[in-house]
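Since chain U is already given, all that's left is putting chains A, P and C on it; use the hints.
Now for the letters of each chain:
4 protein chains.
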Amino acid sequence: MLRYPLLTRYSDYDTKGHVNNAVYLTYFEWARVQSWQQVARRGGISEVDIADPPLIVAEARVKYVSPANIGVALAVEIGVKEIRTKGFSFVYRIVASEEDDRLVAEGETVQVAYDYSAGRTMPIPPEMRAALEGM
Amino acid sequence: MLRYPLLTRYSDYDTKGHVNNAVYLTYFEWARVQSWQQVARRGGISEVDIADPPLIVAEARVKYVSPANIGVALAVEIGVKEIRTKGFSFVYRIVASEEDDRLVAEGETVQVAYDYSAGRTMPIPPEMRAALEGM
Amino acid sequence: MLRYPLLTRYSDYDTKGHVNNAVYLTYFEWARVQSWQQVARRGGISEVDIADPPLIVAEARVKYVSPANIGVALAVEIGVKEIRTKGFSFVYRIVASEEDDRLVAEGETVQVAYDYSAGRTMPIPPEMRAALEGM
Amino acid sequence: MLRYPLLTRYSDYDTKGHVNNAVYLTYFEWARVQSWQQVARRGGISEVDIADPPLIVAEARVKYVSPANIGVALAVEIGVKEIRTKGFSFVYRIVASEEDDRLVAEGETVQVAYDYSAGRTMPIPPEMRAALEGM
Numbered sequence: 000m001l002r003y004p005l006l007t008r009y010s011d012y013d014t015k016g017h018v019n020n021a022v023y024l025t026y027f028e029w030a031r032v033q034s035w036q037q038v039a040r041r042g043g044i045s046e047v048d049i050a051d052p053p054l055i056v057a058e059a060r061v062k063y064v065s066p067a068n069i070g071v072a073l074a075v076e077i078g079v080k081e082i083r084t085k086g087f088s089f090v091y092r093i094v095a096s097e098e099d100d101r102l103v104a105e106g107e108t109v110q111v112a113y114d115y116s117a118g119r120t121m122p123i124p125p126e127m128r129a130a131l132e133g134m
Numbered sequence: 000m001l002r003y004p005l006l007t008r009y010s011d012y013d014t015k016g017h018v019n020n021a022v023y024l025t026y027f028e029w030a031r032v033q034s035w036q037q038v039a040r041r042g043g044i045s046e047v048d049i050a051d052p053p054l055i056v057a058e059a060r061v062k063y064v065s066p067a068n069i070g071v072a073l074a075v076e077i078g079v080k081e082i083r084t085k086g087f088s089f090v091y092r093i094v095a096s097e098e099d100d101r102l103v104a105e106g107e108t109v110q111v112a113y114d115y116s117a118g119r120t121m122p123i124p125p126e127m128r129a130a131l132e133g134m
Numbered sequence: 000m001l002r003y004p005l006l007t008r009y010s011d012y013d014t015k016g017h018v019n020n021a022v023y024l025t026y027f028e029w030a031r032v033q034s035w036q037q038v039a040r041r042g043g044i045s046e047v048d049i050a051d052p053p054l055i056v057a058e059a060r061v062k063y064v065s066p067a068n069i070g071v072a073l074a075v076e077i078g079v080k081e082i083r084t085k086g087f088s089f090v091y092r093i094v095a096s097e098e099d100d101r102l103v104a105e106g107e108t109v110q111v112a113y114d115y116s117a118g119r120t121m122p123i124p125p126e127m128r129a130a131l132e133g134m
Numbered sequence: 000m001l002r003y004p005l006l007t008r009y010s011d012y013d014t015k016g017h018v019n020n021a022v023y024l025t026y027f028e029w030a031r032v033q034s035w036q037q038v039a040r041r042g043g044i045s046e047v048d049i050a051d052p053p054l055i056v057a058e059a060r061v062k063y064v065s066p067a068n069i070g071v072a073l074a075v076e077i078g079v080k081e082i083r084t085k086g087f088s089f090v091y092r093i094v095a096s097e098e099d100d101r102l103v104a105e106g107e108t109v110q111v112a113y114d115y116s117a118g119r120t121m122p123i124p125p126e127m128r129a130a131l132e133g134m
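Chains as they are written, first to last, in numbering that gives the first Met the number 0: chain U, 0 to 134; chain A, 0 to 134; chain P, 0 to 134; chain C, 0 to 134.
For the record, the hints were derived by calculation from the structure and aren't laboratory data. Some clues are possibly wrong.
All copies of an identical chain are treated as equivalent in the list; a pair is satisfied when it fits inside any one copy or across any two copies.
Subject to a maximum C-alpha distance of 27 Å in a straight line, what follows is the list of computed DSS-like cross-link-like pairs (lysine-lysine) [to be verified]: (1) K85 to K62; (2) K62 to K80; (3) K62 to K15.
Owing to the predicted nature of the structure, the values given are computational and were not obtained by experimental measurement.
Bound-form chain U, shown alone (with noise of 0.2 Å):
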C-alpha cells in the first residue's frame, strides 16, 4: 500500500459539511495519478505512459464508512489487487489521519489496458505489470 496526505478542497463539502460522496471517486483518482508517477518512475516506462497510462476505468465501488467533516486531514491508501491478464483492482481507504487513522471509506476500482491506438483492450504491458507488482 502506498499513502499520501488528501489535499481537499471547500468544495468538496457539502450542505451537511461532509465530503460529498462523489468527491470519493476524485481522491481515488487522485491517488491513482500520484502512485502510477511515482511507481511508472522507478520501472522504466515510456514518459508518454507515464503521463497517460493505457488503462480504462472498468467499474468502481465506494463503501462509506464515517462521515469526514470539514477540518479533519485525511489521507488515502493504495494498493493492488489481483492482476489479471488484461485488468486488475486498486483497492483504497481513506482515513481521518489524525484520529488513529479511523476508516472513513474504501474501495476498489478495476481498469483494463487498453489500446487507444486500436481503440481496444489489450493485455497488461509486462513493464506496467511489473510497476503494478510493485506497488
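Using the frame of chain U, we list chains A, P and C on its own:
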C-alpha cells in the same frame, strides 16, 4: 423506473473528451434528487423531508460500459430495488438517448434511513417507504 | 439576451447551503455552450465550430449580489456586449426565477478568437460575428 | 505574498488538456483557506473564526494569461491588497513553478466581513485586520 434527460457540463468531460468517471456519481445524485422531489410531493411527505430526506448513502457502485463523448445526449434512469427495514437500493442506467439508448454506465447506491437529530440509523418511515414503492 | 433555466446539482452547494462561488463560472460556461449551440445552428457555422468554437476565455468576472440557497430555482441570462476585431464580451445574470428574478449574481467573460491549428489569436470570423450579433 | 504548491486533480483539466477556467476560482479559494489557517493561528483568532472566518466573497476576477497543461507543476501566490472598513481584496497569481514561474493566471477577490448571526455586513474585526496585515 423514472427517466430524466441529463444536462451535462463542459467541465464534466476529461482530457479524452469523455465524462470523467467520478461525475457519474454526481449524475446518480442528481437523479435521486429529481426523483425524490417527484415521488415525495405526491406522497404526503413533509416539506423538510422533501427538501432534505433523512437518508445517508452507504455504498455506491458504477460499471462503465461505453464512453460518453462530448456532444452525446444522455439520459439517466433510476429505480428502486429491494427495500429492507432500514435501507434500500437505487439502481441507475445512463444511456445515450439519441443512439437507441446505448448503455453508457449502470450502477447502484445503497441508502440507509438516518435520524439526524438522534445521530443514528432508523427504520425507513412508512410514508417514505410508500413513496419509494411508487417509483 | 437569451435565457435558460439552470439545473443545479447538490454538489454545487457549500457547507452554508449556498452555491459555491466558483460554480458561477461553470454556470456561465454552461450558458455559453447552450447559447452558442442555439445561435450557431441558425448561422451556417460548420459542425466542428458549433461543437467546439475557436475561442479562448481571456478574462472572467463575477459579482455576487445575493445568496442562492439550495431549493431556490435559478435561471441564467446571457448576452453579447461589445464585439471588437479579435474579441468580445459575454455578460451574464443569474436570477432567482421564482422570486421575481431577484438578482443572485452577474458577470462578464472576455473571449478571443483563436486559431488552434496556428496557435495564435485571429480576427473573429465573419459568420461567428454574425451569429454573435444575433444574440 | 504567501505561496503554496497547487495539487491539481485530473478532473480539473478540460477536453483540451488545460485547467478549466472555473477551477481557478477553486484554486483561489484553496489559497484563501491555507493562508487564513496560517496567519490566523499566529494571531489570537478564535478557533471558530479560524475554521470558518466571518467573511463573504463579494466579487471575483480572473485573467487567464497562459495555459496550464496537464503535467505542468503549479503554485499559487496570495496577498492582501487594500484593507478598507468592511472589506478587503486578496490578489492571486498562479504560476508554472518549474518554468521560471511563467504566469498562468492572476486574479482578485473582494471579501466583506459578515456577521452571520445578525445577517449583515460588519466592520472587519481588529484581530482579523491585524492577521490580514501580516500576510
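Here is what the structure says about each hint:
1. Proximity of K85 to K62 under the C-alpha cut-off of 27 Å is found in both arrangements, the shortest distances being 25 Å within a copy and 17 Å between copies.
2. In this homomeric assembly, K62 and K80 come within 27 Å of each other (Cα to Cα) both inside a single copy, at 17 Å, and across copies, at 18 Å.
3. In the homo-oligomer, the alpha carbons of K62 and K15 lie at most 27 Å apart both inside one protomer (19 Å) and across protomers (26 Å), since each shortest distance falls under that limit.
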